[in-house]
Every structure is written in C-alpha cells, then in structure tokens.
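I would like the entire structure built from these sequences, with the hints used as guidance.
Chains Z and X, in that order, are what the protein sequence lines are. Count along the first sequence from 1, add 977, and you get the number used in our numbering. Count along the second sequence from 1, add 7, and you get the number used in our numbering.
Hints were generated in silico from the structure; no laboratory data involved. Incorrect hints may have been included.
[Claimed, not checked] Taking beta-carbon pairs under 10 Å as the criterion, some of the chain X residues facing chain Z (in silico):
| hint | residue |
| --- | --- |
| 1 | 33 |
| 2 | 35 |
| 3 | 73 |
| 4 | 74 |
| 5 | 77 |
| 6 | 83 |
| 7 | 87 |
| 8 | 106 |
| 9 | 188 |
| 10 | 189 |
| 11 | 192 |
| 12 | 194 |
| 13 | 196 |
Quick reminder that beta carbons are idealized off the backbone N, C-alpha and C, glycines included.
In case you want the letters, here they are:
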Amino acid sequence: MSILSIISISLCAIFAENAVFSQLFGMTLFTKKSGSIRSAAGTGVAVAVSMAALSVVSWFLDFALISPLGLEYLRTVTLVLTAVCLSGLTDVALRKKAPELIEKMGISLPLVTVNTATLGAMLVTSVSGYNMIEALVYGLFSGAGFLAAITLFAAIRERLEYSDIPKWLEGLPITFITAGLVALAFMGFRGISFM
Amino acid sequence: MKKVVAFLKKSVVFENSALVLMLGLCPLLAVSKSMTDGILFGVCAVFVLVSSGVIISLITKLIPDKIKTAVCMVTAAFFVAVAELLLHAFLPDVFDSLGIYLPLLTVSGIAFKNAETAEKALVGTAALTGLATGTGYFALLVVMSFIRELFGNGTLFGMRIFSEDYAALVLLSPAGALLLFGFILALFKKLISYLKEKEEN
Chain Z
978 MSILSIISIS
988 LCAIFAENAV
998 FSQLFGMTLF
1008 TKKSGSIRSA
1018 AGTGVAVAVS
1028 MAALSVVSWF
1038 LDFALISPLG
1048 LEYLRTVTLV
1058 LTAVCLSGLT
1068 DVALRKKAPE
1078 LIEKMGISLP
1088 LVTVNTATLG
1098 AMLVTSVSGY
1108 NMIEALVYGL
1118 FSGAGFLAAI
1128 TLFAAIRERL
1138 EYSDIPKWLE
1148 GLPITFITAG
1158 LVALAFMGFR
1168 GISFM
Chain X
8 MKKVVAFLKK
18 SVVFENSALV
28 LMLGLCPLLA
38 VSKSMTDGIL
48 FGVCAVFVLV
58 SSGVIISLIT
68 KLIPDKIKTA
78 VCMVTAAFFV
88 AVAELLLHAF
98 LPDVFDSLGI
108 YLPLLTVSGI
118 AFKNAETAEK
128 ALVGTAALTG
138 LATGTGYFAL
148 LVVMSFIREL
158 FGNGTLFGMR
168 IFSEDYAALV
178 LLSPAGALLL
188 FGFILALFKK
198 LISYLKEKEE
208 N
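Rendered as structure tokens:
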C-alpha cells in the first residue's frame, strides 16, 4: 500500500465517486434536509461521522466474520443489524452524556445515521477488498463528499427561494433539476466515460 | 369494493412513496437504467414490502418498543437477502447490474415506512398496504426505466429501436436520472392538482 493509492482513493471518494451526485446515496435525506444550510450542515456532519466509523466497522466485519466463515449471503443482514445497533447505542450514550448536543441537532440519531449513504459506504468497503487504512480513508472522504454536497446544495436552494421560477417547477421539481445540473458538473471529474 | 379502490388510489397516487413522500429515491434513480433492471427491481421491492409487512404485523406484539426500529430493518434485510439469493441463482446478470442497490432497499425509508404502518394493522391490511406501496413504486420504476433506456440508449429490453447516434447518453448517467425525476415530479404535481379538483366538483 502506497501513499499514492491513499490519495487516489480519497480523491475518487470525494469527487469522481461523490456519494450524492454520482452514487446517488442518501437521496431521501439529501432532499429533505437541504432546505437550510443549518439543518444541512447538522445532518451532513452526523452522516459523515457515521460513514467514516461504520466503514471501518464494516471492513472489520468482513475481515473477521464474513470472509473467513464464508457468510457472504448474510452480508446485508449483518451490516444492517450492526449499523442499527451501533447508532442506537451511540444515541443512548449521547443522550446520557451530552443531551444538549442531541437537542441542538434536533434529530433522532438512528434515523439519520442508518440510511442509504451509510449502508452504501459499508457495502462498498465490504465488497471492495480495501485494507483497514483504505477503508478508513474511503469512509472519511466519502462522508466529506456527502457533507460538502449537502451544504453546497443547501446554499443553492437558499438562493433559489429568491429567484423567479416557472410556476409549474416550483418546490421539489426545481430542486431535483438543480441537483441534476450539479451532478452534470460532477461528471466532469470522471471524464466522459460515465457508463 | 369501493373502499379498496379508494384505498389503492390513495396509496398509489396521492401518497405515492417516491413522488410524494420522497422515500426510496436512491435505488429508484440508480437502477432505472434499463427496463429489465427496473422491472425486476420493482418486483423485488413489492416482494420485500409485502412479506416484511406481513411478518411485522404478526410479531408486533412480541417486540419491545425500544428495539422496534432495529427489528423492522432486520426483517426487511432478511427478505432483501432472500430476493438477492433468488436473483443470484436464476438471473445472475441482473444481480450483477443491480449491484449494491438491492441491499440499499432495506434502509431506503420505503421499507421502514411500510413497517411502521404494518405495526398497527392486521395481517390482511398490512399485506394490502405493502402491495399498494410497492405498486406505486413499481409503476414509477417502469416509467423511468422506459424513458431512460429508450431515449438514453435507443433500446428496449436490450433490443435496438433506433440508432445509438440519436440517443441522449446523459439520460443514463445519475445527472440524467435526477433531471428526469424533476420533470416527472412537476408533471405529477399537475396531475394531482387536476385529480383533486375533479374530486371536489
């Protein structure tokens, strides 16, 4: 493993394989929480942290449990169960130790941290054959990509509110069309071969 | 009968899980590249929603409140695993092209919402709710994958309809999926307001 492969994984995770705009991970959360920069940043941080942590956990599960015992057919169930349990435990711990943090974020942790973005990152690290460092780097930068995408997009949406939009596109339709245009821009990072 | 029709209308059109509640978007946008993938993914979704709804409504009294979320998700994950194994055995090509998006159905909100309704319902109602939710999702998958495959690639079910030179390749990319979904959403909003007006009169 060289420093070069780490750099390539991190650039790939944040730009070319951006969790939102090229993998379409976490679209539901992305649409619902990108209304204001504040809620977008809160959700983005929660998702980014859980993506980084759960990627490593997922690598460990694959390394210690799934691959040696030949349990590939139980991969989905194992990963989902682990993600739900871990975020539930974190929720309980945070409520005990730092109730004001939970209050500030205004979210129910298991519902935000177990979604297509986190499970997607877990599945990618689980099947890709990364080693531990690579899994950690992938999770960190993939999460950073999600955070960047949702925050930038929230800023665009805040500006959209003051612009003159055709009546039939107001609300969610224009949101998706804008997301499509941003995704088109992100395609530039992968070159022409997006197929 | 009238009640059933009204129920179906409500859950397929007025409360369409993807178009109105914005659930299950990630796999929907990702797998609708070709008709075969779209339709088979839709079938898997209906299967998962119906069977996990039935199981959850049967065991709901046995589950403590605190771990209800976990149980709902694991039940859905179990049926997704069943669907995965069946696809892997009989249609390996489709299994490969769906990739990691089939497991993502478990946590994509649509299964969770369905489980939440099933908790409070009897077995029959739970099955019907799963079927109706799944049908709405399935219909949207068919529409999206039809447009994307025909105009993005010039084929339908892999058969060539017109030359590749005239195809709008962008429709096959994630960007194309998002743009198309935006326009479908706008049309759907029109349809809903038209239907509501008609019902009021």
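Here is what the structure says about each hint:
no. : hint : result
1   : 33   : holds, 4 Å
2   : 35   : holds, 8 Å
3   : 73   : holds, 8 Å
4   : 74   : holds, 8 Å
5   : 77   : holds, 4 Å
6   : 83   : holds, 8 Å
7   : 87   : holds, 6 Å
8   : 106  : holds, 9 Å
9   : 188  : holds, 5 Å
10  : 189  : holds, 3 Å
11  : 192  : holds, 5 Å
12  : 194  : holds, 8 Å
13  : 196  : holds, 7 Å
When held up to the earlier numbered hints, the structure conflicts with none and fits them all.
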